[in-house]
Amino acid sequence: MKKVSLLALGAGFLASLAFAPEPVLAQDSTLDIVKNRGMLRCQLGTPAPGFYSLSDDGKWSGFDVENCRAVSAAIFGDPDKIEYQSVTSAVRFTAMANGESDVLSRTTTWTLFRDTQLGLDFTTVNFYDGQGFMVTNELGVKGAMDLAGATVCVLTGTTTELNLTDYSRTNDLGMEPVVFEDSNVRDSTFFSGGCDAITNDKSSLASTRAKAPDQSIFTILPETISKEPLGPVVRQNDSQWNDIVMWSLFAMINAEELGLNSGNVDEMKANSTNPEVRRMLGVEGDLNKGLGLEPEWAYNIVKTVGNYAENYERHMGAKTVMNIPRAGSVNDLWTKGGLMYSPPFR
Amino acid sequence: MAVVDKAGPRKGGRSFTEIVNDERYRSVFYQVIVAVAVIWAANYLITNTAENLQARGMSAGFEFLTSTAGFSIAWSIIDYEPGDTYFDVYLVGIANTLIISFFAIIATTLLGFVVGVMRLSKNFIICNLASGYVEVMRNVPLLLHILFWFTLSAALPRPKNSLGLGDMFFLNNRGLYVPAPIPGEGFGVVVIMVLIGIAAAFGVTVWATRRQMATGQRFPAFWVGVGLVVGLPLLAFAALGAPLTFDYPSLKGFNFTGGADVPRAFCALLFALVLYHTVYMAEAVRAGILSVSHGQTEASYSLGLKPSWTLRLVVIPQAMRAVVPPMISNWMNVVKNSSLAVAIGYPDLVAVFMQTSLNQSGHAIEIVGMVMLFYMTVSLTISAALNYYNKLVQIKER
Amino acid sequence: MTDATQSDTAFRPKPSLPPPANTVGVVGWMRKNLFGGPVDTVLTLLGVYLLYVILDFVVDYGIVNAIWTADSYRECLDINKGEGACWAGIGVWFNSMMYGRYPDEEQWRINFGGIVLLLWLIPFWLPKVSGKIQVGISAVLTFPFLAASLFIGGDIGIFLHAMTAIALTLFVSVWLNVATCYLMGKSLPAVLISVTGFADKDDRLHKYVLLGAFGVGFVLALLYHLSWDLVEVPTTIWGGLFLTLVISGIGISSALPSGILLALGRRSKMPVIRVFCTAFIELFRSVPLITILFMAVTMMPLFLPVEFNPPKLAMVIVAVCIFAAAYMAETVRGGLQAVNKGQYEAAQAMGLNFWKMMALIVMPQALKLMIPNIVGSFMGLMKDTTLVSIIGLYDILLMGKAAGQNPTWLGFHTEPLLFTATIFFVLCFAMSKYSQHLERTIGGGYGRR
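Chains as they are written, first to last, in my numbering: chain H, 1390 to 1735; chain V, 28 to 425; chain D, 13 to 461.
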């Protein structure tokens, strides 16, 4: 019987050589794949208020969702030709690199490592965030430096976790992280005093506070301990696709700068004499050629999704639970002292 | 027909059907097919993987294990600093998985015996309480149990008003704080004495059994053994002037410092694992006791054995044969299910290595492979022990 | 006189005294079952106290302080300060937790599929119906195709059309069979043969009659099914309890055949096959499901060619099937070992070959013994399916979590957990009771060997 096994294994080995599959390397461009499919695959995270949340009738909405809607509007002229996918933070990069989706649009921090070693490319930034701490008032803590030896609730698999470690080591604070997979569990732990402080991007801290039974007993400390530029991510080595996603964002920022919004864009298209507006909305010039899109791509974005300011107010502004003021913050336009800046449409 | 070949099968002239119907040839044929299919599939997968990795510009290999992990781990049983490597993270994860499994297994086994006996109790309330417990626990997914206990344990008091037992043990919503033993000079001698005591007790038991076999006289081997195991180290401990001090936890700033501590996630996970798996242990114990037929008890009484001897020499050995296999596979499940720690942030192997490290380094294949390897090693070791035990106690078939 | 004397002296038992008052009735029962001795009394009192504490908390939280109507979680918090449940949210999110993001107007398809499956299985409980095994096999083999074309919809391709038509034909014939069994006392094939007038013809012709009837039914069903016009619902928006049941249902029905093959392979005399099967079983049994799921979503796409790109649900289902098959293989192996060795020997002595011996002698006995274990595995699998929430499939658990992240329902976290736990409890409890019932009825007829 031993001989038989050896024989069988040998035969199998030979067969495997004979049947070895042909290498498949030729890949279609992502734009062609998306157009053929008729749907954009957009990958979000598990619900996070403000950025992407699920309503009880199963619709996704949020600040990061608008990125995907803009791309869909640019390609199809319709912002809702999207198949949403939603994965946990721990598997987001592998799911993206594996080609499950076309755009990853979910509070992902742009870092050198992620941009170069995961087979992914970051396009540009749609939200500048920074990590901070939130504590209960009764601790009497005035700043992050008072947190020596404190336990801090943090979400796993994020840059937040690494920043906390770095900050604690740099300032010799000896903070003790308590790591969570699920933000609901993290938040309820913090509310019940399971940690002294909670750390996250400041935008998320605001939404955490909005969950609390009594919101007035929590303070977000003034320190910002990290830079968190968040933006959509695409797969590496498809620069046309990268350009489409990046310029869809720029179109929204530029629209705000030019004073275009979903309400007046039709009128501006018909009457404006500003050459940049006319170029951007496809009235003159052929800026669309390089992207492989229709001339009206940017018009479609502004018309159906809106400009940056509209999106911000809809999901982050004063009227929402997030309540993160924009005026004068880094997320304001460069003309008003912020960092939002679109390269010229020319 | 007329010529019957008495010399056995002919060498050369076998017909095709003869070969097809020959079991040996058939089995060779099947095996070759299976082997070809499996090896071809493996090769296919490996080739694809190599191409995919190349196409995506991702690297493969184990070099990342020596690079700095850069994140800290909330709690670990072995030393870990944020500057350590990914391989250290792997070891920390393994240690944390093993320690929680160890405590969970011990508690599960003890509690399982209690609940199993309770279910057989004649007391209406006790019996039904135990049944209710079993039904509620086993019909709800473990993941929900874990999340539930974790949420519930948040209701424990804050560190400032911890539940304390004397000034030594503290329980609050951060975790459990206990005094840490600090061995002084000469404590090694005490440890050695424990080992000597165990060896001596084992020797006494063997000797007592032999003597009983030969002469029929009994010897209180159990109590002598206990005396040896406990007494020798105690004597040494006293003689050396009690070389052991304790570091007590005390409240400083936000938290307790000093002493040893386990985080709340550990307590909640342990609680959930124990409550859930106790059910399966209890069912194994109940089935085991019921599997010993009443005739065995009666027979042993009629031989004149005392009830206590009947229990020890007749019922328990037979019940154990039915209890041990499910008990050990239950242990295996405890180890495997401790991986659900990831849901509440206890830093076990899956949480620190397959989540955080995988996310930071992106080496999916290597990391998932290493995690699987660990669980396989543990499970196969346990099941090898189980097979050995089964061989020992199996009723010999024809 | 003498008569009287005789009757006086003859033994006449007095009517027996009633049992002492404290051994009968409520008091007696309590003395016996609750206060049998000091230890018993203490235990009873402890038990009652424990029960009181638990019930007190449950009633306070779940009923007294609970809020039944509210428009947001904030509203609940304002009223009861978080000291009671906010069941209002469950009402709002009920649909999502059951069906995930499946469109509201298409949800009848899921209900319809569920009802078809139930109807398909009802003949099992009807005593007069013949051919129960065929009913079971037809349901397990063809219902998944019907369900797939129903749940996914859209352009499903000719293969799925054909399989769905077969499923529909079989489903209708199962119920025609029930009708004929009850009305005429004969099974459907027998009725068909006698109606067409082939009853007195050669037995070999009967086959063709049945095939012909099936063919006619198939064509009708195909025509009917081609007239269906269902909107496509991609698997990415499936979710809720529906998803949990789909994953565990496919897992268990594929696990049975593959588990049987693996178990036979493990007991095989052919070394290569035995080694492969054993390695497969041991590998996947010894690792936690969560690692297999991670493998499915992170590694499987790397294993497959780029253009293949299967949806995540498909990969997760494959992972769950592998996991369930490995466990089922051990259950089956246990069943095979429990079949008396004499049965194997007798079958071989009768001259049956391996497959006939297995199919006709061993498997029927082994399967009967295994039914409780199979139900147990199904329950286990259903509970384990909650782990898919960790890798981001919107099963009932993750859907509940999503509810707590919606801006209006921010913080709505404990109630979905409790609701999910209740649903699992009801489903699993019912199943385990049914399996105990089966154990008694089947085991009873079988007796001890």
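In case anyone wonders, no lab produced these hints; they're calculated from the structure. Treat the hints loosely; a few may be bogus.
Rough simulated footprint, nothing fancy, chain D against chain H, three-plus residues with beta-carbon under 8 Å [what the hints assert, rightly or not]:
1) 1423-1437
2) 1490-1501
3) 1599-1605
4) 1712-1720
Computed from a predicted structure; not experimentally measured. From the three backbone atoms N, C-alpha and C, an ideal C-beta is built for every residue, glycine too.
Hints, one by one, checked against the model:
Residue count for the segment 1423-1437 of chain H with a Cβ under 8 Å from a Cβ of chain D: 3. That meets the three needed, and the coverage hint holds. Taking a C-beta to C-beta cut-off of 8 Å, the segment 1490-1501 of chain H contributes 0 residues in contact with chain D, too few for the three needed, and the coverage statement is violated. Restraint check on the segment 1599-1605 of chain H versus chain D: 4 residues with Cβ-Cβ distances below 8 Å, three needed, restraint holds. Coverage of the segment 1712-1720 of chain H by chain D is violated. Counting CB-CB distances below 8 Å, 0 residues qualify, and the rule asks for three or more.
Of the numbered hints listed earlier, those contradicted by the structure are 2, 4.
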